[in-house]
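**Student:** Chains as they are written, first to last, in our numbering: chain A, 1 to 376; chain B, 1 to 100; chain C, 1 to 164.
Take these hints with a grain of salt, some might be off.
To be verified - Residues from chain C that face chain B, not an exhaustive set, calculated with beta carbons under 10 Å:
#1 Leu-20
#2 Ala-38
#3 Ile-42
#4 Phe-46
#5 Ile-66
#6 Phe-72
#7 Ile-74
#8 Ala-101
#9 Leu-107
#10 Pro-141
#11 Ser-146
#12 Leu-149
#13 Gly-155
#14 Arg-162
Said to hold, decoys possible - Which chain A residues face chain C? A few, computed with CB under 7 Å, are given here:
#15 Asn-122
#16 Leu-126
#17 Phe-129
#18 Ala-130
#19 Ser-133
Keep in mind the hints are simulated off the structure, nothing from the lab. Since the structure is predicted, the reported quantities are computational estimates derived from the model, not experimental observations. A virtual CB, placed ideally from N, CA and C, is assigned to each residue, including glycine.
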Amino acid sequence: MIVDIGIVAVKAFLVLFMVLNLAGILGWIERKGSALIQDRIGANRASVLGFAGMGLVNTLVADPLKFLTKEDFVPSQGDKFLHTLAPCMALFTALVTFAVIPFGDILVLGERVINLQVANLNIGILYVFAIGSLGVYGIVIGAWASNNKFSLLGGVRGSAQMISYEVAMGLSVIGILMVFGTLELQEIARGQGTLIRDMLPESAGFLKSTIGWLPAWGIFLQPLAFLLFFTAAVAETKRIPFDLPEGESELVAGYHVEYSGGKFLMFFAGEFAEIVTAAGLMTTLFFGGWQVPYLMRDGFHFPWGETVLLPHLAVTALQVAAFTLKVIFFCWLQILLRWSVPRFRYDQVMRLGWKMLLPLALLNVIVTAIVIIALQ
Amino acid sequence: MVPLDYYLILGAVIFAIGVIGVLVRRNLIVVLMSIELMLNAVNLTFVAFSRYLGSMQGQVIVFFVMAVAAAEAVIGLAIVISVFRHRRSLDPQEMQLLKW
Amino acid sequence: MDASAILFYVISALLVLASLMVVFLRNVVHCALALVVALFLIAILFVMLHAPMVGVLQVLVYAGAIMVLFLFVIMFLNPTASEPRPKLWWGFGSLAALLLAASLAALLSNGGAPADPVAATEIFGSPETLAKSLFTDFVLPFEITSVLLLVAIIGAVVLAKREP
Chain A
1 MIVDIGIVAV
11 KAFLVLFMVL
21 NLAGILGWIE
31 RKGSALIQDR
41 IGANRASVLG
51 FAGMGLVNTL
61 VADPLKFLTK
71 EDFVPSQGDK
81 FLHTLAPCMA
91 LFTALVTFAV
101 IPFGDILVLG
111 ERVINLQVAN
121 LNIGILYVFA
131 IGSLGVYGIV
141 IGAWASNNKF
151 SLLGGVRGSA
161 QMISYEVAMG
171 LSVIGILMVF
181 GTLELQEIAR
191 GQGTLIRDML
201 PESAGFLKST
211 IGWLPAWGIF
221 LQPLAFLLFF
231 TAAVAETKRI
241 PFDLPEGESE
251 LVAGYHVEYS
261 GGKFLMFFAG
271 EFAEIVTAAG
281 LMTTLFFGGW
291 QVPYLMRDGF
301 HFPWGETVLL
311 PHLAVTALQV
321 AAFTLKVIFF
331 CWLQILLRWS
341 VPRFRYDQVM
351 RLGWKMLLPL
361 ALLNVIVTAI
371 VIIALQ
Chain B
1 MVPLDYYLIL
11 GAVIFAIGVI
21 GVLVRRNLIV
31 VLMSIELMLN
41 AVNLTFVAFS
51 RYLGSMQGQV
61 IVFFVMAVAA
71 AEAVIGLAIV
81 ISVFRHRRSL
91 DPQEMQLLKW
Chain C
1 MDASAILFYV
11 ISALLVLASL
21 MVVFLRNVVH
31 CALALVVALF
41 LIAILFVMLH
51 APMVGVLQVL
61 VYAGAIMVLF
71 LFVIMFLNPT
81 ASEPRPKLWW
91 GFGSLAALLL
101 AASLAALLSN
111 GGAPADPVAA
121 TEIFGSPETL
131 AKSLFTDFVL
141 PFEITSVLLL
151 VAIIGAVVLA
161 KREP
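Please build the complete structure, drawing on both the sequences and the hints.
**Tutor:** Following this line, the structure appears as structure tokens:
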């Protein structure tokens, strides 16, 4: 009993450690990466003992110190309790979502089989959507508690955008749920280890010969759903091109205009944590999660017949490393997206969410259903 | 496991608190929120019975109650908005045009 | 007195406190947030009662969407006039509610309800079981509910439209 709780605590600590560190490193990637994209040098002034580390010292040491030592104020007519609560809610919901994302298959220690996922809920992905819908409150409360018209406008826009894209996000995932037949994320990740030719019946011989050697990753089975989910996830995190709520050139800073110091750092860190969470979801649902192509629990089983056996710890380490690399790739992709495209106007954002993503997601569900029934 | 009566008493207490809200508060939005509280007390009672009798029907009914509560909250708030536009006030006491 | 009983007492105490805050606080936004907390606590009780699907739907739909709608309306209407609180009203209202609570509790406490729960199987309350019930025995109410939601959407848009 105590050992079980201890194991869960260690897993939770590891996941939090990874997410928070990644959020910090993403801050650095954002500053240096944006500088590279925009053909400038970026932040490189702060240095420790002459070592400036390509802006690492600036972003990871100087910036947090600056934020934490700033004066913490609440607007005079603003609601003091709610003003402090809002960034906590934003950061909390971003971090807690990671509890159901599996970062590995299993780890066998002696007689104990540890499932490398903090919480294996039978409602799996619905938990992610539920916590995502609670994330709206951080914005709404922050906007209201600032007693500022710009802030309120940014907050209302932000929450309307978030609840619109939640619908599209949920519907786009239904195709994946139909294909794998389960809500649990660990089962979806495990299901993506089979090859496509093992999922198809004998009647689809043509498909088997052309794409049957691919592993059954979500991106091959549901490409449209991936595009929809990616768009909806970027809109949920309120990153450019969907960042009207915090539009830097239009609304000053939107719903966090009255925040400074530690509270702003929490909003900031919450946004990066949301990027990591969105990347984690994308890898788990569409890119096999921790799956390395053709790597089963005892080693590599290539489709052309060759087999390479590996010890269990090597397999687990490979899978966790694969998961981390995929998450980092998607985080980098979102940062690249931010500095490459201009932002949408607000009515364009709403139109995209309701008039384009929602019908496409429904179409995806119908087509997936038809294909599944036809292939039985 | 606590006995079923505890869940039922809790549901009754929450329901009664919702009733206070509906009867006494003079802000239409808080009245609507108290109605939501009452609906949730009923949901809790249904789910408690569903568990203790081993039947799934209680949870299915809760599903429908939630959908109906969503529809009712939407319409209620739309009515509140249109009333506010005309009367500039959210006090139920001031909406007496239909009183004889 | 095992862990689940202690958890139940703690959560029910917090739930009663949150409900009282909904009804008694002056600031409407605080009331709405207290209601969100109450809904979340009820979702925890649902999960304790082996109804995880209904619990997560409670958070998704009730706490995540309906209460956001309430907060939107509160922020837009921005009611500034403070409401009067006549003591007579509050006295009688609380008395009526107290009588109601007492009679409900008395009625519910000595019915033929089983004291111990039926042993729960693994799939009780899971999404599969709920969906199976919903799409076989209750498919007609399900379809009617979708029409109801459509009617609610249309009604809300028509009611809240600005006069041109």
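**Student:** For every hint, state whether the structure bears it out.
**Tutor:** Now for the hints, and whether the structure bears them out:
1. Taking 10 Å as the C-beta cut-off, the interface hint given for Leu-20 of chain C holds, the closest approach to chain B being about 6 Å.
2. Annotation: interface hint on Ala-38 of chain C holds; nearest CB of chain B at approximately 7 Å, less than 10 Å.
3. Because the closest C-beta pair between Ile-42 of chain C and chain B is about 5 Å apart, less than 10 Å, the hint holds.
4. A least Cβ separation of about 5 Å between Phe-46 of chain C and chain B falls short of the 10 Å threshold, and the interface hint therefore holds.
5. Evaluation of the Ile-66 of chain C hint against chain B yields a held restraint, the C-beta minimum of about 5 Å falling below 10 Å.
6. Satisfaction of the interface hint for Phe-72 of chain C is found here, the shortest Cβ-Cβ separation to chain B being roughly 8 Å, below the 10 Å cut-off.
7. The criterion of a C-beta within 10 Å of any C-beta in chain B is met by Ile-74 of chain C, whose closest approach is roughly 6 Å, and the hint holds.
8. Checking Ala-101 of chain C against chain B by beta carbon gives a least distance of about 4 Å; that is within 10 Å, so the hint holds.
9. A least Cβ separation of about 9 Å between Leu-107 of chain C and chain B falls short of the 10 Å threshold, and the interface hint therefore holds.
10. Given hint, Pro-141 of chain C at the interface with chain B, holds; its Cβ is 6 Å from that chain's nearest Cβ, closer than 10 Å.
11. Interface hint at Ser-146 of chain C: satisfied, since its Cβ lies 9 Å from the closest Cβ of chain B, which is below the 10 Å cut-off.
12. Of the supplied interface hints, the one on Leu-149 of chain C holds, with its beta-carbon coming within about 6 Å of a beta-carbon of chain B, less than 10 Å.
13. Checking Gly-155 of chain C against chain B by beta carbon gives a least distance of about 5 Å; that is within 10 Å, so the hint holds.
14. For Arg-162 of chain C, the shortest C-beta to C-beta distance to chain B is roughly 8 Å, which falls under 10 Å, so the interface hint holds.
15. Given hint, Asn-122 of chain A at the interface with chain C, holds; its Cβ is 5 Å from that chain's nearest Cβ, closer than 7 Å.
16. With 7 Å as the threshold, the beta carbon of Leu-126 of chain A comes within range of chain C, its nearest partner Cβ sitting at about 5 Å, so the hint holds.
17. This hint holds: Phe-129 of chain A has a C-beta 6 Å from the nearest C-beta of chain C, less than the 7 Å allowed.
18. About 4 Å separates the beta-carbon of Ala-130 of chain A from the nearest beta-carbon of chain C, less than 7 Å, and the hint is met.
19. For Ser-133 of chain A, the suggested interface contact is upheld, since its CB lies about 3 Å from the closest CB of chain C, less than 7 Å.
In the structure shown, no violation is registered for any of the earlier numbered hints.
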